[in-house]
Amino acid sequence: KGGEKYISFINNVFDGQEVLNAEFSNFDFQIYADVGKMVADIKIKNNEFSLCRVVAGFAWPWVSRNNPNIFDIDIEGYKLKWNSTTTNWVNSRNAINEVGCIHTIQGYDLNYVGVIVGPELSYDPKTNRLVVDENKYEDRNGWRGITDPTELERYIINIYKTLMTRGMRGCYVYFVDKETEKFFKSR
-6 KGGEKYISFI NNVFDGQEVL NAEFSNFDFQ IYADVGKMVA DIKIKNNEFS
44 LCRVVAGFAW PWVSRNNPNI FDIDIEGYKL KWNSTTTNWV NSRNAINEVG
94 CIHTIQGYDL NYVGVIVGPE LSYDPKTNRL VVDENKYEDR NGWRGITDPT
144 ELERYIINIY KTLMTRGMRG CYVYFVDKET EKFFKSR
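Residue numbers (the numbering used here): -6 to 180.
Incorrect hints may have been included.
[Claimed, not checked] In silico DSSO-like pairs for lysine-lysine, Cα to Cα no more than 30 Å straight-line:
1. K129 <-> K175
2. K30 <-> K171
3. K(-2) <-> K36
4. K154 <-> K175
5. K30 <-> K(-2)
6. K(-6) <-> K36
7. K119 <-> K(-6)
8. K(-2) <-> K171
9. K154 <-> K74
10. K178 <-> K(-2)
11. K72 <-> K171
Note that these hints are calculated values from the structure, not bench results.
Produce the entire structure from the sequences given, and follow the hints as far as they go.
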C-alpha cells in the first residue's frame, strides 16, 4: 500500500539521498522508542489481519538453536527468541512469538512487519552516514567470502531494505542505536 513512494523512501534513506516527501496515506509506517510496544502492536495487527511478524537484522547469536530455554535477543531487558524453525517459519505455529531474520522472511509478503534494526547498523552524525560494525553482525555464514568492508556495508543495508519492505499494509521499526532512530525520524 506504500507503493513506489515508500520503496523510494526506504532506498533513499539507506542510500543517504535526500528524502523529499515521506508521507504515505495508505501505508502505516511507525518508528518506536520501545521494542516491547512494537512487538505488542504487531501481535494486535496479527489478530486483526493475520500474517504479521517481527524480524531483525542478524545482530544477536542464535543460541536458542541449541538450547530452546535460552533467549537470543535482549534489548533493555525485553527478551526475544529467534525463529525455532528455518522451514516455512512465517507460517509456523509459534512465529508470532519469535523473531525472523533475512533467511526466514526472504520471498514472503506480510500484512505488517515489525523490524528491529540491530546494533550492527548505526548512524554517524560526524560523517552524516550509516555505518556498519562487522563485529556486531552475527551471521558469519551470510557474508562468508566478503572481505571488503564497503561490500559488507552494502550487504547489511540491503538486508534492512528488504526487511522494511516485507509489509504490505505497514512497517513498524525499532532502532537499537538511538542516533540511527533520530536519523530516520529526521527523514
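How the hints compare with the structure:
no.: 1; hint: K129 <-> K175; in the structure: 20 Å, holds
no.: 2; hint: K30 <-> K171; in the structure: 16 Å, holds
no.: 3; hint: K(-2) <-> K36; in the structure: 26 Å, holds
no.: 4; hint: K154 <-> K175; in the structure: 18 Å, holds
no.: 5; hint: K30 <-> K(-2); in the structure: 27 Å, holds
no.: 6; hint: K(-6) <-> K36; in the structure: 20 Å, holds
no.: 7; hint: K119 <-> K(-6); in the structure: 35 Å, violated
no.: 8; hint: K(-2) <-> K171; in the structure: 25 Å, holds
no.: 9; hint: K154 <-> K74; in the structure: 22 Å, holds
no.: 10; hint: K178 <-> K(-2); in the structure: 17 Å, holds
no.: 11; hint: K72 <-> K171; in the structure: 19 Å, holds
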